[in-house]
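**Q** Each chain, letter by letter, is given below.
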Amino acid sequence: MKKILSVLLCVALLASFGLTMSGCQSDSPKNFKVGFIYVGPVGDEGFTYMHDLARQAVEKELGITTYYVESVPEGAECATQIENLVKKGCKLIFTTSYGFMDYTVEMAEKYPDVNFMHFSGYKTAANLGTYMGRMYQARYLAGIAAGKATKTNKIGYTAAMPIPETVRGIDAFTLGVRSVNPEATVNVVWTNTWVDAAIEKQGTESLLAAGCDVVAQHQDSAAGVIAAEAAGAYSTGYHSSMIAKAPKGYLTSPIWNFTDYYRTVIKDAMEGKFSNERVWYGLDNGLVLLDQFGPSVTDETKTLISEKEALIKSGDWDVFTGPIKDQDGNVKIAEGQKMTDDEMENMMWFVEGVVGSVEAK
Amino acid sequence: MKRFLTFEKRSAGTSAGVFVMRVLAIAFAVLITALLLLAVGKTPAKTGSILYCLFIQPFFSDYGIADTFKSAIPLIILSIGVGLAFKVKLWNIGAEGQMAVGAMAAAAIPIYFPNMSGVPMILLMATVSIVAGMVWGAIAGIPKAYLGANETITTLMLNYVALKLVQALVLGPWRDPNGKGFPVAPLLPKQGWLATFGSSGIHLGILLALALVVIYWFVMSRNRWGYEIRVTGESAKAAQYAGINVKRNMVLVLLISGAICGLGGMVELTGRAHRLDANLTNGMGFTAVIIAWLSKLNPFGIVVMSLFMAGLTNGGGYAQTEGIPGAIATMIQGILLFSVLGFDILTRYKIYIGGKVIDLEAMGISVKQGVSKLFKGGKKHGS
Amino acid sequence: MPEATVELRGITKGFPGVMANENVDFTAYRGEIHALLGENGAGKSTLMNILAGLYRPDSGDILIEGKKQDFHRPADAISAGIGMIHQHFKLVDNFTVAENVALGHEKTGFLVNKKKMAQDIAAVATANALELDMNAYVWQLSVGEQQRVEILKMLYRNARILVLDEPTAVLTPQESTRLFDTLREMARNGCTIIIITHKLAEVCDVADRVTVMRRGKLSGAAQGEEINYQNLTSMMMNENIKIDANVPRGTPGEDVLCVKDLRVLGVKGTVAVDEISFSLRAGEILGVAGVAGNGQRELTEAICGLRPAEQGTLTFNGRDMTRESVRRRIDEGLAFVPEDRLGTGLVGNMNMADNLLLRTYWSKEAGKGMNIDYSKVNAKVDEAIAEYDIAVGNKKAPVRLMSGGNLQKVVLARELSLEPKAIVAAYPVRGLDIGAMEMIYNLLVSERDRGAGVLMLSEDLDALLKYSDRIMVLYRGRVMGIMDKAEARIGRIGMMMMGTTPEEVAKIEAVSHV
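Quick mapping for you: the protein sequence lines, in order, are chains A, B and C. Here the first sequence stands for residues 271 to 631, numbered as in our numbering. Here the second sequence stands for residues 82 to 464, numbered as in our numbering. Here the third sequence stands for residues 2 to 515, numbered as in our numbering.
In short, the hints are calculated from the structure, not lab data. Incorrect hints may have been included.
Derived DSS-like pairs: lysine-lysine, alpha-carbon spacing no greater than 27 Å straight-line [what the hints assert, rightly or not]:
1) C:K396 with B:K168
2) C:K396 with B:K328
3) B:K127 with A:K300
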């Protein structure tokens, strides 16, 4: 029995060597290898799924080879997986979560002729850039739909962690709500987790019980949308379209589309034109957008939204343009003033109309 | 009524041949994995490269082995900590939390004393991590010894307390002011990083881990206190009869166990993570429980099993680039663990297959004897 | 000629390093009580485990009621009509008697007619004189009753051949008598009863036929008149052991251990030792008699520091030791041979060296500083093996692999190496064969002659009378009386063990003399 095992193992080994020897001859696009490190599973129907849809599309379109590693924990182990992609021959590697930042930096230092793109971070190097979406713009538009839909004037919002990204999203959403319904409030529940369907469901149910008839979310699963549908309430999702989960009460969602962006970056890298810039793309570049509308969204609302969308895309106006007051009624941004990107990246205060605190409870 | 397959319990199992059993178990798991991959339609060549990624690359490729070592360092330290508690049958499954508070305490030093120089800073970090781990161990140990509180429950619950504490700190007072608000503590100043061996990334923690292994071995085999621990673990009645203060030792063991795990947190922080966040421990405390168990609390077994588990985790990622989903990679790791445990149980039985006896342990013993003969023979020729 | 129900022919079974059974023949007949006799480690249990399907023989045949059988697992043996009752019962505490009997029985399907089953079980019990409350929970039963449940379980499964492994080891004398009555009744009903034992007295009382084993081989058989002490002993034992009827008395000196008004609580918080006072002198053996569970365990543990004294004092060598640690008592010269050898007296999974260290690991002899010097300890192991004639296959192997007699020798080797001033020996020969018993009694006698005081607990009144210089009787945690060897009689001790005061004993004796 042992003999059989050892023979089998030898065969397997030889086969694997054979495979690594073959297939590295010509200069076709097939030899341009791109790697992706994902924080979640590709089947999450959310954030990682959107990245992977884009990866698949671009691979097919450009005929390149891509590799991905899913469910990589945010920690030192990700360096191992990044390094493996380098050893596989990847010339461009996308690391798609904030927690990969330091290790991406470390690997960029160690492998200067490989290019890296890190999602949501702020550290760059000659061969390391970052990319991020102005999701707040899409959230503002979703807020308009929510503001129009609410009858109790109480809107709920389950949010993962009190960090500027989520705070900014809540603020933008609230500004959208109050632009059409100044009476409405947005009630925030912190879940302290990015993805945990049970806790997200609990959070949503507590908001519904408190009288909210529309719920929004900054979470990674559709649990909130499903819970709202079950209670006959309206909801907005996040990351990807969740209309199938709530065919009646779904309003819309701020969602991602990475395809155009990945195509551009990969093409540039293939032509040796990699840029280490810090990309923060909004509605105008199509990296973030608003999903299709649910059946209850009226034509009037849709018109309002498309007007605002056009305005934002034109670049003449952005969400955080004054006057904007904080929760205590102090004017934080004066009339006509626009928040800078840096201010937005560090935004840790709520606008008027938000019920809750930026400290996690 | 002759049966094809019969099991007979053996009289008394000894530890001989465990190594051979492990090798057989791994070979068996490789075989099952290969069959599984072929069954889901992978070509033999693809199956070969997936097996290569899983079982060869983490251990025999240059950067693979370096990464395996890096991942194994905290596992070795934590498993020694957990193993010490297991030795007295105290089921400390709180390594995760003890590691977290250790890392947390260590991270506090550069935050409050950013201008210390390297060596004192690292020594101070090590000290506070040990103290923090000890405190976490004591919270479970004292109620265990004097009130009989179940340490399995207390240590488990303390894990969550520790992890939430870290989360609260990185969301609150320790949040990196330059980190765009993300819930992480600031990067450690460079003088607080453990030195690494060349470009391998393997840091000084490896020496500490191996030192702990040797100390553990020495204490358990030569030291009077280690003797007390062994007796207490075997039988509390016998320990009392031997004049051993069982309660004191319970508390002491959980303190030291916690201290070692806390130190493990500091090593991971200063050697590899370089900044505190809620993901630093990443389940390593639980992996350590499995390692301590599989290595039967043998310190050298702990080293081997830690490398094995670390390699297995890394290999699971490598295999994904050959086109298998992450879930399948996890499943294969599961097959391996099951196989190891299964073979462990089989050593306790004689198996009759169609009238033929298969005694795995006897096989293990004879292989071991053969190998040792080979060694002795070799020595003779050499001298 | 009755029908042969069990025939084992040429059974051979080896374990790594041991030949447990070597070409053993064994035959038992319907309606008899058959004793399988032999010293510990003679291969009796192995042989019966083969019969019960737990082991497979390396060679040899098993015939049950004339039919050749090939047992692969215990269930095969059960369906062939063999029921084995082990020393440790396999009952569920929270189930009733009836439920335990029904449990795992093949008649038990998914739907159970509970009432009918309970009636069936009760009928089987009555037919075999097994008196039991079918609705009582197992945790409420005494050990003897639990054993009856085990027997009933086997009978309900249609066992016609019952094998009992050391059935009286856990029973009181009364319970033993009762068990044998039951067994006799079952034999009369046509069962074959096989009891594994090493107790000669039992065999002489109840067995119809005896098979004797020695060192894995058949060493003799006897039936009817041939069953007597001399005959069986010579078959069982090495011939070189002499049984001297008379042990010379010791020469007692000063008091070495004084117990005064000692009160000790038992496990459940009840008073187990109730104001006991006595003293043990140097150079004497003070025997302690009493039915098990009358405070013996608590008394010995309290003396040796394993259990706190609620009240009273312990003086050792003239010093108050009531609150001293175990270690201090050892250092002062108090040796303890505890009741449970494996578990308290020895650590089963440790080797001999570690076990010799158990009560001296802190001492200078064990090594310098914080560490243990195993070269010294290993030398002691060799000394002990030579001095106490300990049979050990592999010195590095865990001691649990050793036989009971050798285990007790290890305990004594360790305890006596301290040259103790007093020795508390709790049931030192329990479960041992005659050879080991003799050796251990002789060791205690020579310790006495060296000048140590020996407090010896025993269930064997003959041995107590033979070796003790004085005998103390315990009843319900109290001392019923202490008498000199000269005035000790079995009858007297027996009455006191049942709670009769010495005064009453004297009255009864006076009446019966008249």
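**Q** Give a verdict on every hint.
**A** Here's how the hints hold up against the structure:
1. C:K396 with B:K168: holds (23 Å)
2. C:K396 with B:K328: At roughly 31 Å apart (the allowed maximum being 27 Å), K328 of chain B and K396 of chain C break the hint.
3. B:K127 with A:K300: holds (18 Å)
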